[in-house]
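*Asks:* Given next are the chains, with one letter for each unit.
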Amino acid sequence: MTERTLRIEIQRYQPEDDEPPYWQGYNVPCEEHWVLLDALNHIKDHLDGTLSYRWSCHMAVCGSCGMVVNGDPMLACKTFVRDLPDTVRVAPLSNLPVERDLIVDQERFMTSLSEVSPWVIPAGTPPEDAEYRQSPQELARFRQYSMCINCLLCYAACPQVGLNPGYLGPAALALAHRYNLDSRDDGRLWRAEVTGSENGVWECTFVGECSEVCPKHVDPAGAIQQMKLANSLDWLTAPLRRKERS
Amino acid sequence: MTMSNKPVIWLPFAAGGMVAALVLPALMLIVLLSTAGGMHPPGLEHATLLGFLHNPVAAAVLFLVLTLPLWHAAHRLRMTLQDLGVRTSASRRVVVWLCYGGAAAINVVLIWALASAVLVHA
Amino acid sequence: MRTHSHTPRMPLFWWLRRASYLRYMLRELTCVPIAAWIVVATAGLVDLVRGPAAWQGFLHGMASPAGFTFQLIVLIAGVYHAVTWFALAPRTMPLNLGGRQVPGSWIQGAHYALLLAILVAVFVLVEI
Chain F
-1 MTERTLRIEI
9 QRYQPEDDEP
19 PYWQGYNVPC
29 EEHWVLLDAL
39 NHIKDHLDGT
49 LSYRWSCHMA
59 VCGSCGMVVN
69 GDPMLACKTF
79 VRDLPDTVRV
89 APLSNLPVER
99 DLIVDQERFM
109 TSLSEVSPWV
119 IPAGTPPEDA
129 EYRQSPQELA
139 RFRQYSMCIN
149 CLLCYAACPQ
159 VGLNPGYLGP
169 AALALAHRYN
179 LDSRDDGRLW
189 RAEVTGSENG
199 VWECTFVGEC
209 SEVCPKHVDP
219 AGAIQQMKLA
229 NSLDWLTAPL
239 RRKERS
Chain E
8 MTMSNKPVIW
18 LPFAAGGMVA
28 ALVLPALMLI
38 VLLSTAGGMH
48 PPGLEHATLL
58 GFLHNPVAAA
68 VLFLVLTLPL
78 WHAAHRLRMT
88 LQDLGVRTSA
98 SRRVVVWLCY
108 GGAAAINVVL
118 IWALASAVLV
128 HA
Chain B
9 MRTHSHTPRM
19 PLFWWLRRAS
29 YLRYMLRELT
39 CVPIAAWIVV
49 ATAGLVDLVR
59 GPAAWQGFLH
69 GMASPAGFTF
79 QLIVLIAGVY
89 HAVTWFALAP
99 RTMPLNLGGR
109 QVPGSWIQGA
119 HYALLLAILV
129 AVFVLVEI
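Protein chains in written order, with this note's numbering: chain F, -1 to 244; chain E, 8 to 129; chain B, 9 to 136.
Not one of these hints is a red herring.
Computed spacing ranges between beta-carbons, pair by pair:
(1) E:A112 x F:R243: 38 to 44 Å
(2) F:R243 x B:F21: 45 to 51 Å
(3) E:H47 x F:G164: 52 to 58 Å
Since the hints were derived computationally from the structure, they do not count as laboratory data.
C-beta: ideal position from N, C-alpha, C; glycine also.
Put together the whole structure using the sequences plus the hints.
*Replies:* Here is the structure:
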């Protein structure tokens, strides 16, 4: 079994020390099949037990281990060490507050997500003795956007997230779009109050980096542009709806 | 949160971007070939072009072809200046006035020129 | 114990840090040459209305080395805008026909076809 020593420099931060973040390096003997998460676990188990980071499934479905590796946001469990150079700089996800070491404060996303009402808002009461019926074509419309694992790589990639603290962000908006496209849902206009607000889709300038880094191949950028269009058409037809109501 | 009135800016931005992408390269190329390129298309002779623009429909089309990309560019410049560091609300207001105000000013001149072509010259 | 998180600050030249950010900024900055060309075209239309001599003066100005350089830069910017716009169009307006999604490349191709058609139409219109 071939081993390769990787020099892993990690951005450390301990809030109780009241010092700014600093880099700490470790020489890690890596097996050929390892992912970066295995190297981090080796550091924690054998080299430095104080290193703090989130991880869980080790298979790119839980979204816990997002971090910035040599400048690129990625999941530590999905990054093979054989694809990495000999020196690697690992930092917490960009644009979000750092709580400790590689652990970021996710509250911004949790708040944004709840604000877009990420659940099916049906038109009327659900069918009594039957289930909602949905064709494969109807499922295909929104399926891509349902793949989001809330890993926040897109928040690290998006410069508007960094430039505007109030911006809802790619994942929250993509998830709003997932429900807007769901044939069982009737909540588009309800969500539009939030997605169409100043902190919603209009903060996006289609940099597109969110979609580039997404490990589940969701296209938040595309979702947001589609919502801009839908939102604009809703805005144009708003007078007709007001007339309907009165 | 309340729904923003951004669509009033975004719809012309999107339309302008589409027109800029589809039509402007052709116009830019025509003018380039007809000036520095040494070609002399009859359509760009003074009398011919002015006569063409005397038609209000032609003038209106040319107006749309020039004004929509202008609004697109004004909005894009405004957003880009914010990307480049204009962050305070005061400086943002200045940028808004400069970008949209500048576009409005050019529009006034454009409308005047095209209206002149339609109305004054028979 | 109340601990505080460290909030990172966005560097002023954030767009120089990634190749994709730089490409984005260049794409956005195409609006400057494009706006400049429209301003010049407007000035040209003013010259057209002022008379044949003014119009000739405008054409001569555009044929000068400075005018040529300006037009070349503008044309490159205009083409870069078009190329990036067409690439993004399929993601902004996905098309569903007969229950199946139209491939993005078709939507993009349709835009290029339209660009070509308009190019030919303009060339024919001025009888180049």
